[in-house]
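Going line by line, the protein sequences match chains X and E. Per my numbering, residue 42 is the first one in the first sequence, and the count goes up by one each step. Per my numbering, residue -18 is the first one in the second sequence, and the count goes up by one each step.
None of these hints come from the bench; they were simulated from the model. Computed from a predicted structure; not experimentally measured. Treat the hints with caution; some may be incorrect.
Listed next, the in silico EDC-like pairs over lysine to aspartate or glutamate satisfying Cα-Cα at most 16 Å (straight line) [as the list claims (entries may be wrong)]:
hint, chain 1, residue 1, chain 2, residue 2
1, X, K234, E, E63
2, E, K45, E, E63
3, E, K231, X, E149
4, E, K90, X, D135
5, X, K391, X, D357
6, X, K234, X, E289
7, E, K231, E, E319
8, E, K130, X, E239
9, X, K103, X, D135
10, E, K90, X, E287
11, X, K234, E, D222
12, X, K103, X, E289
13, X, K234, E, E319
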Amino acid sequence: MATEASGIRGLAGRALRAILPFAREEGGAAERQVFVSSVRVGPRQHELLLIDERGAAVGRMKLAGRAHDIAIDPERKRLAVFARRPGYFAVIVDAESCTPLATITPPEGHHFFGHGIFSADGRLLYATENRFGDDRSRGVVGIYDASGESYERIGEFETHGVDAHEMLLAGDGRTLVIANGGIETHPDYGRQKLNLAEMRPSIVRIDSATGDLLDETVLDSSFNRLSMRHMTFDGAGSVWFGCQWEGERGVRPPLVGRIGRDGKATLMAFPDKVAPLARNYIGSVVASRDGSTIATSSPIGGQVFFWDATSGDFRDCVALPDGCGIAATEGEAFLATAGDGRVMRAKNGKLIPVARREAQFDNHLRRI
Amino acid sequence: MIAITKRLLLLSPLLLAARRAFAQSGDAPAKPGPSTEALDKVAKKAIDDYFIPSYQALRDATAKLVVAMGESCKTPTATPSEAVRAAFTAVLQAWAHVDFLRFGPMAEKARLERFSFLPDPHGTGARQLRQILAKPDPALLEPGAIARKSAAVQGMPAFEALVFGASDDAETSAYRCQLALRIAENLNRIATEAVTEWTRQGGWRDLMLNPGGANIVYRDATEPLVEILKAVVTGLQQMRDQRLLPALGKSIETAKPGRGAFVKSGESFAYLNASADAIDRLVERSDVFSLTPAQAATLLAATEAAMTDFRQSIDVGKPWPEALADPASYARLQHAFEVLKTVEDIFNFRFAEAAGISPGFNALDGD
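All chains, please: the whole structure from these sequences, using the hints.
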């Protein structure tokens, strides 16, 4: 992958940067897949990076700080880039030109948790937030008006838990699914976990039209320290979730689960030989395009685990040190990114190197 | 779905060639990491010259605290004896040398939290202690009973509150003293367990020195090293985000000195200094910079200069609460806060870049 002609490549890179990003021609037939992630490019320097399926950069933009997840509005081709928790900005970006449109800040006494989504029509932006100004921190969904240019905050919903993390919009376009990780934090104490003994994680479904709690999924009390944080929908519309274990390090609890139609969670066991590899931590949870396969990454364990979405069985795993970002490409294939700049293609239990960028990929990779 | 056509690029062979060059322009070569021998050597030094001696020092310091406390309880006084104060300071310093190590036996069985329940933003420890003292229960003074209570009342902050809390309530003074003695014994028991679990056959030392194979915690020679790097970075972040930031707040007007560490005993600065010493000593004794021989001298000098800057900055010549109310001292503490970031960058970037081994970007601190 290395190239020795760094002088030439730098020049070519600069010359092309002006031409390439989102070059678009009406009537063009060939589609290129575009993926987006936050990256670190130097000490305390962070950018938004758009790459194609070959790992080539097709756009980049400086960020004020480290970001986490990115919400995508396919309607108006906008991105909402959320700062990592405790986050105080979300940048709205025009995806094609990779330029900022607006910056949203949470209200006093709130910070972003790093995740959010647009409503189906793109008129609203929902963000998971920590409301920490009161005696106890609690999770809320901040609602922002994305229909114009104001991005004004027009309301909030309770998430009925603490540490609201990833949020999904169900296929009905109306139900919000939110993972309450259960780990209390307060920005006055940085990212320190404040309540491990009292954790009670949950996944809730909220009616986005009314803010009503529709139902709540919790695990058996023996798994109180199993923080449910990241989720995806499989082909059948079931929610898959990934967890991080905040209990004893010598214990190997299951880390991946699926919520059935009855709202009950089933935890999926790793085979004994594989269980230690995850290091009790799952970062991203993503379904393949065809909905048949669930990929769950563990940056701490340096592994990506694949599950059969129908049977719930563990399928296989591949080693990817510091790898966390995953996005579906086509069929049951994925693109995966790592903190050392590697971009890999994962298919049928194999990992194929695609590129290595001079950037450290952050936790989440999204396909635009 | 955003459609991007390739046709524009296909128009020109020149552009196509250039595109290939561009695709490669982001391709960075993988850095070869240090040899297994070099990694093993650093891990062994870190364990035998830093981790284990530091836990042994904690065990010994807590043993002395038990003795001093036992002596003191023969004639309970409102203010602690010199011997108790000195013994507590010694425990605090020993604790600062290990309290940022979030792995190993101390991270199991909630030993860390039980030894020192910090931070405690909801004041759980103080509340539970008040409840205990409102209705002193002799059963709690039975040996080992305190270890069954909440972590918030069985460690350092509870001991500090009981001994340095400046209550001259004669009625409870004997009870307070006995309870503090039981807590001191509990601290000693936890520290002793940590030493045993590190050093016994098949203990954490063996685990860290024998990566791979059936070892489920350390799977290859780089993982113990990553653990050490993470420890350094975590130590720096802990000083910054958990010991300084909560007290500093956003400005001097919103500073909350009471949120500092070990304020009641007046040991906040001593504790911070000991924390800085801990980082220095771990870096020096593990010889972690030996993994990048060409850069070792530069990186060590940069680390030492920054840590010296930190120590000088916090040496404000005032007790902690006053320092946070005095603009000049406050500014120096803020500078100290910033300095810790530069040290963190040395390990996260400069060392990682030079040695080809990193504490991890996504792996360091999950989300």
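Going through the hints against the structure:
1. Between the alpha carbons of X/K234 and E/E63 the distance comes to roughly 35 Å, so the proposed pair goes past 16 Å and is violated.
2. The hinted pair formed by E/K45 and E/E63 meets the criterion: a straight-line CA distance of about 13 Å does not exceed 16 Å.
3. Our distance criterion of 16 Å between C-alpha atoms is met by E/K231 and X/E149, whose separation comes to about 13 Å.
4. A hinted pair counts as satisfied when its Cα atoms are at most 16 Å apart, and E/K90 with X/D135 does not qualify at roughly 49 Å.
5. Pair hint X/K391 plus X/D357 holds up; C-alpha atoms about 9 Å apart against a cutoff of 16 Å.
6. As the CA atoms of X/K234 and X/E289 are separated by approximately 15 Å, the hinted pair is consistent with the 16 Å bound.
7. Pair hint E/K231 plus E/E319 holds up; C-alpha atoms about 13 Å apart against a cutoff of 16 Å.
8. Distance restraint check for E/K130 and X/E239: the Cα-Cα separation of roughly 15 Å lies within the 16 Å cut-off, and the hinted pair is therefore satisfied.
9. For the suggested pair X/K103 and X/D135, the alpha carbons sit about 13 Å apart, so the restraint of at most 16 Å is met.
10. Restraint check for E/K90 and X/E287: satisfied, since their Cα atoms lie roughly 12 Å apart, inside the 16 Å limit.
11. With a C-alpha separation of about 12 Å, the suggested pairing of X/K234 with E/D222 holds against the 16 Å cut-off.
12. At most 16 Å may separate the alpha-carbon atoms for a hinted pair to count; X/K103 and X/E289 exceed this at roughly 39 Å.
13. Taking the CA atoms of X/K234 and E/E319, the gap is about 22 Å. The hint is violated against a cut of 16 Å.
Against the hints set out earlier in the document, violations occur for numbers 1, 4, 12, 13.
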